[in-house]
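Asks: Sequence:
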Amino acid sequence: MGELAALIAAMTWSATSVALTSLAARTSPVVLSALRLGSATLLLPFILWASGQAGDIGDASTWTLLQVVGSGFVGYGIGDTIYILALKRLGMQRTFPVTMALFIALTVAGGVVLLDEPLTWGLPAGAALIGAGIYLIVIPGKDANRLVRQVVPADSAVATVVEAPAGPAFAAPGWSGYALLVLVGVFWAVATLWLASAKGDLGAIAAGSVRTPAGAVALLAFAATMQPRELRAPFRNRNQILGIVAAGIVGTAFGSLMYVYAVVTAGAARTAVLSATSPLLALPLSMIFLGEKFTRRIGVGTACCVLGILMVVA
59 MGELAALIAA
69 MTWSATSVAL
79 TSLAARTSPV
89 VLSALRLGSA
99 TLLLPFILWA
109 SGQAGDIGDA
119 STWTLLQVVG
129 SGFVGYGIGD
139 TIYILALKRL
149 GMQRTFPVTM
159 ALFIALTVAG
169 GVVLLDEPLT
179 WGLPAGAALI
189 GAGIYLIVIP
199 GKDANRLVRQ
209 VVPADSAVAT
219 VVEAPAGPAF
229 AAPGWSGYAL
239 LVLVGVFWAV
249 ATLWLASAKG
259 DLGAIAAGSV
269 RTPAGAVALL
279 AFAATMQPRE
289 LRAPFRNRNQ
299 ILGIVAAGIV
309 GTAFGSLMYV
319 YAVVTAGAAR
329 TAVLSATSPL
339 LALPLSMIFL
349 GEKFTRRIGV
359 GTACCVLGIL
369 MVVA
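Sequential numbering of the sequence shown, starting at 59, is according to the working numbering.
For the record, the hints were derived by calculation from the structure and aren't laboratory data.
None of these values were measured; they are calculated from a predicted model.
Glycine included, C-beta positions come from ideal geometry on N, C-alpha and C.
Careful: at least some of the hints might be erroneous.
To be verified - Label pairs and their calculated CB-CB ranges: (1) MET284 to ALA183: 38 to 48 angstroms; (2) SER255 to ALA279: 22 to 32 angstroms; (3) SER255 to MET284: 23 to 33 angstroms; (4) THR178 to LEU62: 12 to 22 angstroms; (5) PHE352 to THR178: 27 to 37 angstroms; (6) GLY232 to GLU288: 23 to 33 angstroms; (7) MET345 to ALA237: 28 to 38 angstroms; (8) ARG290 to THR178: 48 to 58 angstroms; (9) GLY110 to THR353: 40 to 50 angstroms; (10) ASP259 to TRP107: 40 to 50 angstroms; (11) LEU365 to GLY113: 40 to 50 angstroms.
Given these sequences and hints, build the entire structure.
Replies: What follows is the structure, encoded as C-alpha cells:
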C-alpha cells in the first residue's frame, strides 16, 4: 500500500499544480507555499483526531518529535525556499530535471546505505527510466523553440493561456546557479531520509501533523520578515485566498499525508522515485485545462515512466 500512497500523493500534487499555475502568476512563490502549508495545518488536527493517532504524538519521545520537526523545516522551509529561488533565477526547464534527478539519486543511495533498505535490480533501473521519461517530458524538443505557451495572470483563479514567441528568458546558471540546484537536491533528500529514520513508532498521520506545521511556521516566518507586503496581498482578493486555501487542503494536507505514509511503509527510496512521476501525471490535466499539445516526445517519456514504475514496485 505504500507504493500506492506515493502514487496518490503524486496525483494529488499534479492536480493541485494546475490550480497553482494561475495563483503563482499573482502571488509570491514563498508566500504561496507558506499560506498553502498554513491552510493545511488548520485541517490536520481534525484529521489527526479522526485517525486515532493523536496519542502517538503524546507517546513519542521529545527527540523523535524534534527530528520530525527538523525534517519538515529542512524539506519545506529550506529545500522548497531554495527551489523557488532556483526557479526564479534559472527557470523550470533547467531547475526541475536537475533537482529531481539529484533528489532521486541521493535518496535512493541514502536509503540503501543509511537505512538498510533492500537494493533490487528494479529500483535503480526504474529510477533511471523515470528520470529519463521526466527529462523527455519537461525539457522541450527543437520544435518547442518555435512556440511556447505562456500563462498570464487573470482576474479570477483561472489562468488565461496565450501563445507567445519563444525566447531565452534566463541566463546561464553559473556557479551560483549550480550551487542552488545541488542544495535543493541535498536538502530534499536529507529531509526524506531523516523522516524515514526518525519516525520511530509515530504513525503516518501523526508524523505529517508534526512535519507540515513545521514547514508552515518556517515559511511564514520567512515571508513575514522578508516579504510582508507580498504576504498581505492575497487577503485583498477573495478568489485568490480561497484558491490558496483549497490548494493547501487538497494538495498539501492530503498529499503530504499520503507522502508521509508512503515513506513510513514503503521506504524513502521507493517513495522518492514514485513521487517523481508527478510531472507525468499532470500531463493529462495540463492538456485538458491548459490546452497543451501532446507530442511524440511526451509519448516516449510517458512509456519510460510507466515502465519505470512497474520496475520499482516489482
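Asks: For each hint, tell me whether it holds in the structure or not.
Replies: Verification of the hints:
no., hint, in the structure
1, MET284 to ALA183: 38 to 48 angstroms, "holds, 43 angstroms"
2, SER255 to ALA279: 22 to 32 angstroms, "holds, 26 angstroms"
3, SER255 to MET284: 23 to 33 angstroms, "holds, 32 angstroms"
4, THR178 to LEU62: 12 to 22 angstroms, "holds, 18 angstroms"
5, PHE352 to THR178: 27 to 37 angstroms, "holds, 33 angstroms"
6, GLY232 to GLU288: 23 to 33 angstroms, "holds, 26 angstroms"
7, MET345 to ALA237: 28 to 38 angstroms, "holds, 35 angstroms"
8, ARG290 to THR178: 48 to 58 angstroms, "holds, 51 angstroms"
9, GLY110 to THR353: 40 to 50 angstroms, "holds, 48 angstroms"
10, ASP259 to TRP107: 40 to 50 angstroms, "violated, 19 angstroms"
11, LEU365 to GLY113: 40 to 50 angstroms, "holds, 42 angstroms"
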